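Protein chains: 2
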Amino acid sequence: MLVVKKFGGSSIADKDHIFNVAARCIEDYEKGNEVIVVLSAMGKTTDGLIAKAHEINPKPSKRELDMLLATGEQISVALLAMAMDALGVPAVSLNAAQVAMRTTSRYGRAKLKRIDTERIRNELDARKIVIVTGFQGINKYDDVTTLGRGGSDTTAVALAAALHADKCEIYTDVDGVYTADPHIVPNARKLTEVSYDEMLEFASLGAKVLHNRSVEMAKKYGVQLVVLSSLTRAEGTVVKEETKVERMLVSGVAADKNVARISVIGVKNEPGIAFKIFNLLARRQINVDIIIQSIGREERKDISFTVAKTDLADAMDLLNENKEMISAQEITNEENVAKISIIGAGMTGNPGVAAKMFEALASAHVNIKMIATSEIRITVLIDEADVNRAMRSVHDAFDLAD
Amino acid sequence: MLVVKKFGGSSIADKDHIFNVAARCIEDYEKGNEVIVVLSAMGKTTDGLIAKAHEINPKPSKRELDMLLATGEQISVALLAMAMDALGVPAVSLNAAQVAMRTTSRYGRAKLKRIDTERIRNELDARKIVIVTGFQGINKYDDVTTLGRGGSDTTAVALAAALHADKCEIYTDVDGVYTADPHIVPNARKLTEVSYDEMLEFASLGAKVLHNRSVEMAKKYGVQLVVLSSLTRAEGTVVKEETKVERMLVSGVAADKNVARISVIGVKNEPGIAFKIFNLLARRQINVDIIIQSIGREERKDISFTVAKTDLADAMDLLNENKEMISAQEITNEENVAKISIIGAGMTGNPGVAAKMFEALASAHVNIKMIATSEIRITVLIDEADVNRAMRSVHDAFDLAD
Numbered sequence: 001m002l003v004v005k006k007f008g009g010s011s012i013a014d015k016d017h018i019f020n021v022a023a024r025c026i027e028d029y030e031k032g033n034e035v036i037v038v039l040s041a042m043g044k045t046t047d048g049l050i051a052k053a054h055e056i057n058p059k060p061s062k063r064e065l066d067m068l069l070a071t072g073e074q075i076s077v078a079l080l081a082m083a084m085d086a087l088g089v090p091a092v093s094l095n096a097a098q099v100a101m102r103t104t105s106r107y108g109r110a111k112l113k114r115i116d117t118e119r120i121r122n123e124l125d126a127r128k129i130v131i132v133t134g135f136q137g138i139n140k141y142d143d144v145t146t147l148g149r150g151g152s153d154t155t156a157v158a159l160a161a162a163l164h165a166d167k168c169e170i171y172t173d174v175d176g177v178y179t180a181d182p183h184i185v186p187n188a189r190k191l192t193e194v195s196y197d198e199m200l201e202f203a204s205l206g207a208k209v210l211h212n213r214s215v216e217m218a219k220k221y222g223v224q225l226v227v228l229s230s231l232t233r234a235e236g237t238v239v240k241e242e243t244k245v246e247r248m249l250v251s252g253v254a255a256d257k258n259v260a261r262i263s264v265i266g267v268k269n270e271p272g273i274a275f276k277i278f279n280l281l282a283r284r285q286i287n288v289d290i291i292i293q294s295i296g297r298e299e300r301k302d303i304s305f306t307v308a309k310t311d312l313a314d315a316m317d318l319l320n321e322n323k324e325m326i327s328a329q330e331i332t333n334e335e336n337v338a339k340i341s342i343i344g345a346g347m348t349g350n351p352g353v354a355a356k357m358f359e360a361l362a363s364a365h366v367n368i369k370m371i372a373t374s375e376i377r378i379t380v381l382i383d384e385a386d387v388n389r390a391m392r393s394v395h396d397a398f399d400l401a402d
Numbered sequence: 001m002l003v004v005k006k007f008g009g010s011s012i013a014d015k016d017h018i019f020n021v022a023a024r025c026i027e028d029y030e031k032g033n034e035v036i037v038v039l040s041a042m043g044k045t046t047d048g049l050i051a052k053a054h055e056i057n058p059k060p061s062k063r064e065l066d067m068l069l070a071t072g073e074q075i076s077v078a079l080l081a082m083a084m085d086a087l088g089v090p091a092v093s094l095n096a097a098q099v100a101m102r103t104t105s106r107y108g109r110a111k112l113k114r115i116d117t118e119r120i121r122n123e124l125d126a127r128k129i130v131i132v133t134g135f136q137g138i139n140k141y142d143d144v145t146t147l148g149r150g151g152s153d154t155t156a157v158a159l160a161a162a163l164h165a166d167k168c169e170i171y172t173d174v175d176g177v178y179t180a181d182p183h184i185v186p187n188a189r190k191l192t193e194v195s196y197d198e199m200l201e202f203a204s205l206g207a208k209v210l211h212n213r214s215v216e217m218a219k220k221y222g223v224q225l226v227v228l229s230s231l232t233r234a235e236g237t238v239v240k241e242e243t244k245v246e247r248m249l250v251s252g253v254a255a256d257k258n259v260a261r262i263s264v265i266g267v268k269n270e271p272g273i274a275f276k277i278f279n280l281l282a283r284r285q286i287n288v289d290i291i292i293q294s295i296g297r298e299e300r301k302d303i304s305f306t307v308a309k310t311d312l313a314d315a316m317d318l319l320n321e322n323k324e325m326i327s328a329q330e331i332t333n334e335e336n337v338a339k340i341s342i343i344g345a346g347m348t349g350n351p352g353v354a355a356k357m358f359e360a361l362a363s364a365h366v367n368i369k370m371i372a373t374s375e376i377r378i379t380v381l382i383d384e385a386d387v388n389r390a391m392r393s394v395h396d397a398f399d400l401a402d
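Sequence lines, in order, name chains A and C.
Under this note's numbering, think of the first position of the first sequence as 1, with each following residue one higher.
Under this note's numbering, think of the first position of the second sequence as 1, with each following residue one higher.
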């Protein structure tokens, strides 16, 4: 069996953690499996390097920043190879150029295009554990690129797809996917299985277990993912195609506090205004989530939407600069908001799910500001202060507890 | 004019130093010159990485150690490029793979074989300052190698040779080559010019200004070197082919405390014994310097030689393990010794130079333990405690002071 195992920065933060990871990889190897390991940078290394860059240049060139950041994973892979060697198991570390992991040219947010498998295949055939730098690639100029946040997960899934791995294990600091954040909902239950689509909704809603890009790629190439902890022996959650015949209506509840609402008030009620607004934001790489447009009764209408809190200042600047072009009378925003969502492949065609959620929120005295739905998700925008109460109430209402 | 400028770790230890280096490079660039910069790892980065490796594995694989260490220079080059960008000058950093700097396969002590100049040439043509990682290369497996101590000097000279640079400036923490170490001989004088051969003798004797390999390469390819300080505007010392018609008998005095004496006592007085001893040491990569063999009068003779202090323990172990094979009755060693040497292309065919040196030592009550000479050098082994007194006395005897 060929297994890809990905470990994040906190799993390899120091010597003890590195040997723990080495031991777990060797366990698999000694069962006769072929093992590929993908690593992030150790602990807070990446943040430290970014701070160093900003000390030199508050707006460092993205090419040079990628050149700098890529050293973080290279340190990780070399040290893990040394640890495995110390434990008597042959291992080899490879950086993105050595693999090679070919990406698009775009620094800081490159996309994987093509992975050469020959070098890795040769090292596996020589019965070595192959340790690959996550998060990075090289572009057509042979320059170093990075894949952006969640990039190491994407590297792992891409390698699993390219080498037809039997599974791709993503080790994190939680031991699986839960029906809700256990810090907020203490009786949350770990899911043994979740579909790609459900996982995508969990990820996009800030569950922070897996990055969306990696789940999308896993779905596209049919890579079976397992989310589990590097520190416990708990079984983890399998992410794969929907298989269960009967299943839960709702799989879980997710919250996302990295959200802010913007309202563009009194724009002209004519075609093209919404396009102008969202095109502006898209060109600045600002993602927009829930969108609500008031029904235009007269000459003017209002458009409200949510963006990540971290994008709020940028978005407000941009809209204010273009206030005339988008014909807005006023632009307001609200920061103390949050989204909570219920997710479940089983809710399709099951009427009454939304009503049940709204009932649970009402009984907890939570006011709903905006609503958005997809096939397998219902999201509401509420006051940030109400999040924990709302989560618990909804979690109870759908009987998700252990 | 094309200039290669090499800066060591202490020259780029922090933000202020990095901007100082950036400014000096930009000065050249703005005169219309083409500028290539070669950097070592910042400050004590390499030592820190080695410590990390040893924490994981006391005997790390050399391949993985090179993979780890190479990150040090990559951090340097990215940060300097950011600094130049902050100062408004276009710059691009390149690691060994990007250049590409092709080396032999041997990790930790690789030798440069071939440098592709296309990428660098293109970047220079685009009027960018090109910043290259020193000390490292890639071998035929595309694996990262390092060149060993002094490797960044070698990188700089090799680039200067490959790109036909007009000069190669090596910035260090001293501002040139002196007639003696100014810490020991306060009235030592800076040389404006020194020949490659003299520089080789200075380097091999621990003057620590330039690494031998880089000087040898500079001599082979006729690269004009300049040794100067990154912190002052002093003119530095030019290292080039002998040009002066008349010149000083002796250019300088050098000391080397990293030396120990080993005596192999009572070996059989028959052919092949010396070969056996030195072949043993060579195969373990231990360099031997001064060698003295007693005149074999009867069945037995003694062979004494010096090694680096850092190799003493290894050498003693090896010789004791093979005591019978080399037919030794006893193996002794002495650690508290040092070499001092006078160097000068002018001493060839000038009788009396050695006598003058020995007279100076005698008048300073310094006992001579061993003597070795070359065409342009006379070296004596003395007690380590006598070094400073001996240096000053010899320096005075040859009128080297300012």
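A portion of the hints provided could be inaccurate.
In this list, chains with the same sequence are indistinguishable; a pair is considered to hold if it fits within one copy or across any two.
As the list claims (entries may be wrong) - No farther apart than 30 Å at their CA atoms in a straight line, the calculated lysine-lysine pairs in the DSS-like style are these: (1) K128 / K276; (2) K113 / K128; (3) K301 / K268; (4) K220 / K356; (5) K111 / K44; (6) K128 / K52.
By construction, these hints were calculated from the structure, which means they are not laboratory data.
Only a predicted model underlies this, so the values are computations on that prediction, with no experimental measurement involved.
Consistency of the hints with the structure:
For the homomeric pair K128 and K276, neither the shortest alpha-carbon distance inside one copy (55 Å) nor that between copies (39 Å) is at most 30 Å. Taking the shortest alpha-carbon separations for K113 and K128, both the intra-copy value of 26 Å and the inter-copy value of 29 Å come in at or below 30 Å. In this assembly of identical chains, the alpha carbons of K301 and K268 lie at most 30 Å apart only when taken from the same copy (6 Å versus 107 Å across copies). When the C-alpha separation of K220 and K356 is checked against a cutoff of 30 Å, the pair qualifies neither within a copy, at 33 Å, nor between copies, at 84 Å.
When the C-alpha separation of K111 and K44 is checked against a cutoff of 30 Å, the pair qualifies only within one copy, where the shortest distance is 24 Å, while the shortest distance between copies is 35 Å. In this homomeric assembly, K128 and K52 come within 30 Å of each other (Cα to Cα) only across copies, at 23 Å, whereas the closest approach inside a single copy is 35 Å.
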